[in-house]
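Reconstruct the complex from the two isolated chains, following the hints.
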Amino acid sequence: MMKRIALTFLLASTAPFALPSSPAHAEHKSPLADAPAIRKRVELRDKRFEIGIGAGSTLNETFYHGVMLNGHLAFHITDWLAIGGAGLFSATAIATGFHDELTSTLKSPQGLDAARAPNAAEAGAGMNKPSMILAGQIELTPFTGKFALFGGLFAHYDFYLYGGPAFVTLAKASGSDPSVPACKDKALAADGINNTCYTTGSTVGATFGGGIHSYFNDWFGLTLDLRDVLAKDNPAGRDVNGDQVADKRDLTWSAHWVVTVNATLLFPKADISP
Amino acid sequence: MKRRAVCLFVSILIGGAGGTGAWAAGSKDKAETKEADAAGASADAAGGAEAPPPDTSGDLDLTDNKASEDAAATIKASSTLTWQDIVVIPRKRFLKGGRFEFSPFAGTSINDILIQHYVFGLDLNFFITDAFSIGLQGDYYVKQLTDRESLIGLQYNRIPTLNRYLWSGLLNFGYVPAYGKFALFNKSIVHWEIVVSGGVGITQTEIIPRNISFEAFKTNAITPDVGIGSRFFLFDWLTVNYMFRDYIILDKYEPLNRSASMYASATEAKAHADSKLVNNIMFYVGVGVFLPTSFQYKTPR
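Chains as they are written, first to last, in this note's numbering: chain B, 1 to 274; chain F, 1 to 301.
No lab work stands behind these hints: they were computed from the structure. Virtual Cβ for every residue (Gly too), placed ideally from N, Cα, C. A portion of the hints provided could be inaccurate.
[What the hints assert, rightly or not] Calculated pairs, DSS-like style, for lysine-lysine (alpha carbon to alpha carbon, straight line, at most 25 Å):
| # | chain 1 | residue 1 | chain 2 | residue 2 |
| --- | --- | --- | --- | --- |
| 1 | F | Lys181 | F | Lys298 |
| 2 | B | Lys186 | B | Lys172 |
| 3 | B | Lys40 | F | Lys181 |
| 4 | F | Lys187 | B | Lys47 |
| 5 | F | Lys270 | F | Lys143 |
| 6 | B | Lys184 | B | Lys172 |
| 7 | B | Lys146 | F | Lys181 |
| 8 | B | Lys232 | B | Lys172 |
| 9 | B | Lys40 | B | Lys269 |
| 10 | B | Lys248 | B | Lys232 |
| 11 | B | Lys186 | B | Lys248 |
| 12 | B | Lys146 | B | Lys40 |
| 13 | B | Lys47 | B | Lys146 |
| 14 | F | Lys92 | F | Lys187 |
| 15 | F | Lys92 | B | Lys146 |
| 16 | F | Lys218 | F | Lys270 |
| 17 | B | Lys248 | B | Lys172 |
| 18 | B | Lys269 | B | Lys146 |
| 19 | F | Lys143 | F | Lys218 |
| 20 | B | Lys47 | F | Lys181 |
| 21 | B | Lys146 | F | Lys187 |
| 22 | B | Lys184 | B | Lys232 |
| 23 | B | Lys40 | F | Lys187 |
| 24 | B | Lys172 | B | Lys107 |
| 25 | B | Lys40 | F | Lys92 |
| 26 | B | Lys186 | B | Lys232 |
| 27 | F | Lys276 | B | Lys107 |
[To be verified] Pulled from the structure, derived: some chain F residues nowhere near chain B, Cβ distances all over 12 Å:
| # | residue |
| --- | --- |
| 28 | Gly107 |
| 29 | Leu124 |
| 30 | Leu145 |
| 31 | Gly169 |
| 32 | Phe173 |
| 33 | Gly199 |
| 34 | Glu206 |
| 35 | Phe217 |
| 36 | Ile222 |
| 37 | Ala271 |
| 38 | Pro292 |
With the rest of the complex left out, here is chain F (with noise of 0.2 Å):
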């Protein structure tokens, strides 16, 4: 019996002090939570064991007593501090002008029924405003036929001409056309924006040889790039992003008379290769690192 009434006393002074640090920590969010604590502490001692427990409503009656307004004070006070909090037209959840971004990502190819390019990059932008933005872009690419293109032999004794891209510099320049916000469920808000974004640069592509006995050779192709897509803004220095990307690849493709008495050699078969403009439509998301990682607003709130 002894021993049972130990382990029980033992069992409340750990719940009471789990307690209190429940207490303490539901209590320490704010100075204001403090100062209110404090007036209702001095409140207490001028109204002694009796004085009225703090009405919460706002409606107090201030006609009572001295501890009763200090009270009343107090909590009007801190609805006042916290009811602070909203305004009327809230400012942009991010801004992005003078900040640097790097954004890796990952992406396919979406276009092509033969041959599948899985993309590997990173963005690097300067955003002069907040809308405006200049940056580099680097990608390197891995291939995989499809199933239709180890089809076209079986069913059409046909070997199709293609090439696979290697990698890719471009210079883009981005803007930030519209902009929104979407509540989730209606219990969060996450705010978000549309970004368009054009440039130019090389994608370097190799053929691959009907014959695989024949050599490969490369091309350095300018590519005019056009992009649609959109950061979603989860912290002051991180985005999520996605984008449709359009490379409008200048290629060079194998000489479909190519053969062992025919240009054989890569550099025959490039000089009479077959040109060509291709759209690799790309779909990638990534994230947006931003540096510096904070922002400060100009202007008053």
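In isolation and in its complexed conformation, chain B is listed as follows (with noise of 0.2 Å):
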């Protein structure tokens, strides 16, 4: 009895509230109520290929600058989704500021700073950077509009996310030291040469990131883009964990931040929305 009158209730009171409005308020409606906010735009993105191509540097790196050459092609699904993928492929590299003030004081360790320190062959033995990461990615566009620069020049841009996969191959960043070996899945402290040791070939990791379109016109634009790409590394090629040696049980997860200036080309021509 008590459920059947609150049913009778709650129907009663909410009943107003479902009734549709009366013509007399729909009158008064804005016309531009639920309108979108940008009417007869060149639709930039929508169904459209991108292909980018252009130069980067990474950010962060401890010993090594990468100076990298990126590529990037990606097909919008719709305004604000698109899936891609990049390649970034490391062009050369250029020593940190920290690098060089680290192995001059590495010339030539004596007594007993050269049991604990290597010398600077051997430190530099050690030492690897990114040399290509590939990446796929989804991507979301959900800020678009235009900006006047000087009040004058007046661009179409747009603001950009995205995530994904990322496969990062690793190279020895400079010469080589006889004494330094490939490391090993588990080194022994008895084997008494492994304090140094240099991490290559290809590790899966992740990447994410954004940045903004520069639209020139409805087919070419500029791009800057900034992202990051996590992948386990050791990019000393030294004891990380504390256990005395240097192998594969030091990798940790490494952020490698990384910028690019792309030219960026869209097809096919671009629609209007209504």
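Dropping the structure here:
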């Protein structure tokens, strides 16, 4: 009985809200209500391919800044969703200031120091750098608009974000030292020579980032992109976990930030929105 | 049965009252609405119960009768008033000229792999025009040594020479070279602008002695700075800001050959310190509170 009364009460009290609005109210609705923010806009992304070619640099590497060539291919499924891939290839590497300062103190370790510190050649032989990064990514473009530069130059732009898996290839950063081997899965302190080892080869990681497209017209633009690539790495090739030996147990997740600038082509021809 | 009938009657009364309230809330927003309602009522009175319902399409037959003409005039006036909200060139969303901006912020250093600094600060800007501003900035820093710093000793038997930042005060000039707007999923529009800024100030730094038994010394270092960032306009008085700022610090570092027998005191160490130009790049986000909290357009719409 109480349940039925409660149901009756609920229906009766909510019914007025569920009734459709009368014409008298509809006539005062703003003509802009529920309208898209931008009409007749050039659909710069929807159902279009994007190809980008450019170059960039790593940002936070410990020992070597990598100068990278960059390629990007994407298909925009909708205006705000795309699927794509990117490849970054090391063109050259530049030693960081930290690398130079550190190796300058490792020229000729003496006595007890020599037992604990590598010389500059050994230290250099253990260092690595990312040589190739291949990424698959889902891209979101939630923000689109236009801006005026100095009140005179106008351009369309958008902000985008992305994420996905990455395949990172690591390579030796500088000259080799025959006393420095490739990192073993598990080295023993008794081996006595495993203070430094180098890590190369491919590893699976992840990538995420974002950037801005600035369009010169409806098929050509410039893209500024900031990407973080996460992969297991030991850029120094030295002991990390404190077990007195260097091996693959010293690999840790490392972040490789890369900034790139691309020239971007979009095709086929852009549509005009309603 | 009687109890159920009473219950239903009370429920309908409550529901009806709620519906009336919702009705009132829906029609209170504009004076033009009230006027339209009043005009509509008079039209109803003229036409009696047989007056046709208003046509909201805007395409009315104006030859019908006086009631219809009145109703048509009412609807036409209503929709004209609403369409007046649409202008060919909208005014700028936000005016800053002659206003103060208080902008507390927090951020982190991004370019030092051995020591990270977190910053908490306040920008106080006065906008001479909409594009130019002059301001003061105060920063307080908190340091954190990175994992890489802790590995230097283990991997290379070395202790890095590092300084930490304590505070800084700067005089900055700002300029807005670009402004724009963006649509969020093509549903709403947000206005924003790019800000570039530069100036000069003082940063107080302190060495972190390699040997912790040694005394530290402080330096008041001249600090030119340049920055680039953005403001996003939320309300007439509130923005959300971010900024990348490079503090170029002419700093003094602990001498490399400092020992118990050489430059052990802070004064001696500072006298023989190694000078170095350091780029401390910070990224910070904050909010901007503008005073006065409102502004008036000086040009007609």
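Would you check the hint for Lys186/B and Lys248/B, treating anything up to 25 Å between C-alpha atoms as holding?
Given pair Lys186/B, Lys248/B holds - Cα atoms ~6 Å apart, limit 25 Å.
Per the stated criterion, does the least C-beta distance between Phe173/F and chain B lie above 12 Å, as a non-interface residue requires?
holds (17 Å)
Would you mind confirming whether the straight-line C-alpha gap from Lys186/B to Lys232/B stays at or under 25 Å?
Holds, at about 16 Å.
Take the C-alpha atoms of Lys184/B and Lys172/B, compute the straight-line distance between them, and say whether it is at most 25 Å.
Given that 25 Å is the threshold and the Cα spacing comes to 15 Å, the pair holds.
Check the hint pairing Lys248/B with Lys172/B against an upper bound of 25 Å on the C-alpha distance.
Measuring from Cα to Cα gives roughly 15 Å; hence the hint holds.
Closest CB of chain B to the CB of Gly199/F still more than 12 Å away
holds (21 Å)
Is Lys248/B within 25 Å of Lys232/B, Cα to Cα?
Given pair Lys248/B, Lys232/B holds - Cα atoms ~10 Å apart, limit 25 Å.
For the pair we were handed, Lys143/F and Lys218/F, check the Cα-Cα distance against 25 Å.
holds (15 Å)
Holds or violated: Lys184/B to Lys232/B, with C-alpha atoms at most 25 Å apart:
Holds, at roughly 15 Å.
For Lys40/B and Lys269/B, compute the direct alpha-carbon distance and say whether it is at most 25 Å.
holds (15 Å)
What's the verdict on Lys92/F and Lys146/B, does the C-alpha distance respect the 25 Å limit or exceed it?
Holds: Lys92/F and Lys146/B sit about 14 Å apart, inside 25 Å.
Do the alpha carbons of Lys146/B and Lys181/F lie within 25 Å of each other, as the hint requires?
holds (6 Å)
Hint violations for this structure: none, all hints satisfied.
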